[in-house]
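Trainee: The lines below spell out each chain.
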Amino acid sequence: MSGRKPRLPIPKEELLAPGHRACAGCGSALCVRLCLKALGRNTIVVTSTGCIEVTTTPYPETAWEVPWIHVAFENAAAVASGVERALKALDREDVTVAVFSGDGGTVDIGFQALSGMAERGHNVVYICYDNEAYMNTGVQRSGATPPYAATTTTPAGKVWRGEMRPKKDMPRIMVDHGVPYVATACISHPQDLIKKVEKAKETDGPAYIHVLCPCPPGWGYDSSETVEIGELAVDTGMWVLYEVEDGEFRLTYRPRERKPVEEYLKRQKRFQHLTEEEIEEIQRMVDEQWEELERLERER
Amino acid sequence: MSEMEYTIGAVIKEPGSTRRNKTGRWRVFRPVLDEDKCVGCARCFMFCPDGCVRPAEDAFKIDYEYCKGCGICAKVCPVDAIEMVLEEEME
Amino acid sequence: MTELGPDVRVINGNYAAAEAVRLVDVDVIAAYPITPQTPIVEYLSEFIANGELDAEFIHVESEHSAISAVVGASATGVRVFTATASQGLALMHEVLFIASGLRLPIVMAVANRALSAPINIWCDHSDTVAQRDTCWIQLYCESNQEILDTIIQAYRIAEHEDVLLPVMVCFDGFTLSHTLEPVAIPDEERVREFVGEFEPVHCRLDPEEPMTIGPVGGPDCYMEFKKMQHEAMERAREVIGEVNREFSDAFGRSYGDGLVEEYNTEDADYIVIAMGSVCGTVKHVIDEERPDVGLVRVKAYRPFPGDRIAEIIQDREGVVTIDRTHSYGAMPPLWTDVKAHAPDVEVSSTIAGLGGRDVRPEDVLRAIKVAEEGKGTDEPVWINVNV
Numbered sequence: 001m002s003g004r005k006p007r008l009p010i011p012k013e014e015l016l017a018p019g020h021r022a023c024a025g026c027g028s029a030l031c032v033r034l035c036l037k038a039l040g041r042n043t044i045v046v047t048s049t050g051c052i053e054v055t056t057t058p059y060p061e062t063a064w065e066v067p068w069i070h071v072a073f074e075n076a077a078a079v080a081s082g083v084e085r086a087l088k089a090l091d092r093e094d095v096t097v098a099v100f101s102g103d104g105g106t107v108d109i110g111f112q113a114l115s116g117m118a119e120r121g122h123n124v125v126y127i128c129y130d131n132e133a134y135m136n137t138g139v140q141r142s143g144a145t146p147p148y149a150a151t152t153t154t155p156a157g158k159v160w161r162g163e164m165r166p167k168k169d170m171p172r173i174m175v176d177h178g179v180p181y182v183a184t185a186c187i188s189h190p191q192d193l194i195k196k197v198e199k200a201k202e203t204d205g206p207a208y209i210h211v212l213c214p215c216p217p218g219w220g221y222d223s224s225e226t227v228e229i230g231e232l233a234v235d236t237g238m239w240v241l242y243e244v245e246d247g248e249f250r251l252t253y254r255p256r257e258r259k260p261v262e263e264y265l266k267r268q269k270r271f272q273h274l275t276e277e278e279i280e281e282i283q284r285m286v287d288e289q290w291e292e293l294e295r296l297e298r299e300r
Numbered sequence: 001m002s003e004m005e006y007t008i009g010a011v012i013k014e015p016g017s018t019r020r021n022k023t024g025r026w027r028v029f030r031p032v033l034d035e036d037k038c039v040g041c042a043r044c045f046m047f048c049p050d051g052c053v054r055p056a057e058d059a060f061k062i063d064y065e066y067c068k069g070c071g072i073c074a075k076v077c078p079v080d081a082i083e084m085v086l087e088e089e090m091e
Numbered sequence: 001m002t003e004l005g006p007d008v009r010v011i012n013g014n015y016a017a018a019e020a021v022r023l024v025d026v027d028v029i030a031a032y033p034i035t036p037q038t039p040i041v042e043y044l045s046e047f048i049a050n051g052e053l054d055a056e057f058i059h060v061e062s063e064h065s066a067i068s069a070v071v072g073a074s075a076t077g078v079r080v081f082t083a084t085a086s087q088g089l090a091l092m093h094e095v096l097f098i099a100s101g102l103r104l105p106i107v108m109a110v111a112n113r114a115l116s117a118p119i120n121i122w123c124d125h126s127d128t129v130a131q132r133d134t135c136w137i138q139l140y141c142e143s144n145q146e147i148l149d150t151i152i153q154a155y156r157i158a159e160h161e162d163v164l165l166p167v168m169v170c171f172d173g174f175t176l177s178h179t180l181e182p183v184a185i186p187d188e189e190r191v192r193e194f195v196g197e198f199e200p201v202h203c204r205l206d207p208e209e210p211m212t213i214g215p216v217g218g219p220d221c222y223m224e225f226k227k228m229q230h231e232a233m234e235r236a237r238e239v240i241g242e243v244n245r246e247f248s249d250a251f252g253r254s255y256g257d258g259l260v261e262e263y264n265t266e267d268a269d270y271i272v273i274a275m276g277s278v279c280g281t282v283k284h285v286i287d288e289e290r291p292d293v294g295l296v297r298v299k300a301y302r303p304f305p306g307d308r309i310a311e312i313i314q315d316r317e318g319v320v321t322i323d324r325t326h327s328y329g330a331m332p333p334l335w336t337d338v339k340a341h342a343p344d345v346e347v348s349s350t351i352a353g354l355g356g357r358d359v360r361p362e363d364v365l366r367a368i369k370v371a372e373e374g375k376g377t378d379e380p381v382w383i384n385v386n387v
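Protein chains in written order, with the numbering used here: chain A, 1 to 300; chain B, 1 to 91; chain C, 1 to 387.
Treat the hints with care, since some could be wrong.
[Said to hold, decoys possible] If you want the ones that stay clear, here's a sample from chain C, every Cβ over 12 Å from chain B, calculated: (1) Arg22; (2) Asp25; (3) Ser100; (4) Gly101; (5) Glu161; (6) Leu164; (7) His178; (8) Ala184; (9) Glu193; (10) Val201; (11) Pro215; (12) Asp220; (13) Cys221; (14) Ser254; (15) Thr377; (16) Val385.
[Unchecked claim] Here are the computed lysine-lysine pairs in the DSSO-like style, where the Cα-Cα straight-line distance is at most 30 Å: (17) Lys226/C to Lys13/B; (18) Lys88/A to Lys201/A; (19) Lys201/A to Lys37/B; (20) Lys13/B to Lys5/A; (21) Lys259/A to Lys167/A; (22) Lys13/B to Lys227/C; (23) Lys195/A to Lys12/A; (24) Lys37/B to Lys12/A; (25) Lys61/B to Lys12/A; (26) Lys13/B to Lys201/A; (27) Lys37/B to Lys5/A; (28) Lys22/B to Lys88/A; (29) Lys375/C to Lys283/C; (30) Lys61/B to Lys88/A; (31) Lys199/A to Lys22/B; (32) Lys195/A to Lys158/A; (33) Lys22/B to Lys61/B; (34) Lys168/A to Lys158/A.
Just so you know, the hints here were simulated from the structure itself, not pulled from any lab data. Backbone N, C-alpha and C define an ideal beta-carbon position, used for all residues, glycine too.
Start from the sequences, fold in the hints, and give me the full structure.
Mentor: Right, dumping it as structure tokens:
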């Protein structure tokens, strides 16, 4: 027994119980588990219909250690608005209200309710766990599916080359709503994620965190590789970690040297059909986006 | 199932009750931690989607009742202290 | 008007609804404007702006979010209110099932209005009747006084531990919502005493006692929860009657037995069955021209007082329903519900007053004639229609 005494860089308390039915290696379940550590017990969680809702609450069991409500797919932000105002009426504003919603429930069907919640300025921490497609129904494209990704509704064939539209830039849309705290994160960088959730919690008014959550069955990689895939997304610049506080942009992580996007793409089945030219095109898009972010960073 | 209690509005008043569902049954490969190699960095603890890696006095304990055998812990370990062993090969 | 009590105001139906919400002292309101409900939203905003009502008002961006927000607030343990009509109610449809499935005591006012297309802002019952299977209690009003009184009663009914179901208080758009009538405003203290403090019975989102609300219910339990809702709806019959009686004791007004109001039925040869403000016209016709006719006013459409109606309509010369909506390709809903409980009684069916078409005394007389002639028993007779 010569093991080292563990050093815990993140809170020890678990508020998502094991026994939930998320797939082995689920990035979204990991995201929720990590975020709850930052949110703490004095939290009410609203979840929209989707993987997390389905896998954590098969009656009569629940994985949640905090009060939790699910109403429908598109309305988590509206439900959270009601919870928040009820707490105000009860003089219980010490309680944090948090939403967990997938990319479909956020950027597509839940867009209107979220826009309303953001515009009205409700004091809610909205966390989008983005696995880049409708995974709960079996991998159909969403507005958050990245270009060229093959899904069951954007299959790669002779005519279609997978998803043919850019990924909807939801964090930017939230910034444009005047949301005081907006951040991106990835489950591969838990300390960064937790710090951001803590900041979101302290924010007076709405806060939005968009978390990239790799999905083994949906993206097509082995369940053990979830964190590695997330790291590659960040290190290639396919996913950028930043925060926007009161409109001020800041990169929270900068890869020492950006890896070629191919290293990320070739590891996933959803990108297996890509030609060299297509990979180059994605590389160009990422380079351009990175330049734009560098410009924002310099302007600061 | 016959003993299921049907609450008004299907409200569940037992937090964390998925613990009754031992997802360890899903496992094909078992993560086995070599405590001698462990440097206590806690990456296995941080990255387990099921919260199955728990800090202990020395190193970590893996909760096999729930571990689904995804293999993330073995993959993220910087010193290769966790080995994935086929369940059938376990004594 | 002295029997109305000291504080009588001449107000429209929407104001009566808003005034009831103020008297009950609701905590959270979320609503979206839609004709003919809009003034309710405005009056409530005014009350809050002037400090006459201490409530949180959520200016939601749609009716879908209105009902979603009150579901969230109700589950957090406060008294809530919303109001809508027509397209707005149709937009809420999905969440109506969830509100009742979660057994939340939400009260909603609906100023009845036709559904598109063609778009039409005037009254009929196609909006609320289309929601009859969502497991909401539905109470229909005939006057502005009844709107105020019914909303107050609705909180008692919804929050009753034997019920725990949401309640829709329905009243005809424009005919009531925008029409001035004298309404007795009950004393605020007495209303609050009547309604009592809100205490959540079965759920509350509270970190002190974490609960999971709205889980997945599979084939092994879903059906049980649905049957429990059915049983709650059945128990609501008694509770509605009880609250109607208690309200009568406290404020001196009652509406039939709370579910059904009879007018001149005792010795009537013919019976008209209808809902909402058209009943006022039917009463007028009875008083002025047809003392041989009686009226069964269906106040509670859900739970449907079918047995009571079946009893009343036995051994008459003729019975006729007036539906202000239709179930296309079948018989109209009110007729169907009545016949389900009185299969041996010959019941004529008429459709009138769709999309705000006036239902005049002569139209009521025509409906009675349909019964006299024994028509409309296998196909509805459309009243005052040009095609």
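Trainee: Determine which of the earlier numbered hints do not hold for this structure and return their numbers in increasing order.
Mentor: Structure breaks hints 3, 4, 5, 6, 10, 11, 12, 13, 19, 20, 28, 30, 31, 32.
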